[in-house]
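Trainee: Sequence:
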Amino acid sequence: MTGAQLGLDFDAPRLVRVTPARLATWQSCRRRYRLTYLDRPAPVRTGARAASTLGAVVHLALRSLFALPPAQRTPEAAARLVDRHWTSEGFRDAEQAHRYRERARGWLADYAVDCAEGGAAEVEAVGLELWVTASVGGIVAEGRVDRIDRRGDELVIVDYKTGRTPTEEDARDSQALALYAVAAERTMRRRCVEVELHHLPSGQIAACRHDRATLSAHVDAAQRSAAELASAADDLAAGADADARFPAAPSSWCGSCDVRRHCPPGRAAAAEAEPWAQLAP
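Going by numbering that gives the first Met the number 0, the first residue of the sequence shown is number 0, and it counts up by one from there.
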């Protein structure tokens, strides 16, 4: 219902619903954003990539691990959960898939012993792959958080990583983690300012404790991006030239983009990467 229908002389501002993934895609390549989120029918994407498969398996196994009663979160259970969720999509061959499966088993077994402050049995996980949402300014920020821990009177956002080793700067600068913290606090009604990146291959944790100012800065940046992408979508619906309004951002990353076959500038920028190319050596 509009403001006029309520007898008022203004229209309520439109809230733009965004996830960290949508914002990150917009910020990195507007052509990819259009092809991923706006074009219908949705363009056919490339096949599975091994690095994504590996990350998905690890995330599923960790969700299952922390769903167990604390006493059952043993290294042996963690390794078995990798086997339960394993898939070989995107790997070069059976030998490569087996090698990374064994690595993942070792990562989770070690994590079950070492994670946080005393092993997996000590973690009080209050959210596993939990969808959180919050209306902030002109946006509705929402997304699925890998894990939310309760430590004392506060919540902590935990995000799993299987690629390069993250730094404290990565945790501090992550718009996704900041938005998750804001949304988790609103959803669960408990203070949340601590965010962590847990790197499974190394066991390292990169953490940042935000204050209201740093969280507000991330929210403000998200609102600016949300306004931009909403305006671009409106222009497209009104008949704007799709390629001009959503320009490509060619780079070496185009080699592994899952919509590259629909993007001539991306194909020209980089040869298509093998499905296993992004795996750590």
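Hints are supplied without guarantee of correctness; some may be wrong.
[Claimed, not checked] What follows is a set of in silico ranges between Cβ atoms, one per label pair, in the way DEER data are often shown:
(1) Arg211 with Ala237: 36 to 42 Å
(2) Ala41 with Asp82: 29 to 35 Å
(3) Arg208 with Glu121: 19 to 25 Å
(4) Ala47 with Ser230: 44 to 50 Å
(5) Ala267 with Ala212: 41 to 47 Å
No wet-lab data here; the hints were simulated from the structure.
Each residue gets a CB set at the ideal place from its N, CA and C atoms; glycine is no exception.
Trainee: All the hints need checking, so say for each whether the structure fits it.
Mentor: Against the structure, the hints:
{"no.": "1", "hint": "Arg211 with Ala237: 36 to 42 Å", "result": "38 Å, holds"}
{"no.": "2", "hint": "Ala41 with Asp82: 29 to 35 Å", "result": "33 Å, holds"}
{"no.": "3", "hint": "Arg208 with Glu121: 19 to 25 Å", "result": "20 Å, holds"}
{"no.": "4", "hint": "Ala47 with Ser230: 44 to 50 Å", "result": "34 Å, violated"}
{"no.": "5", "hint": "Ala267 with Ala212: 41 to 47 Å", "result": "43 Å, holds"}
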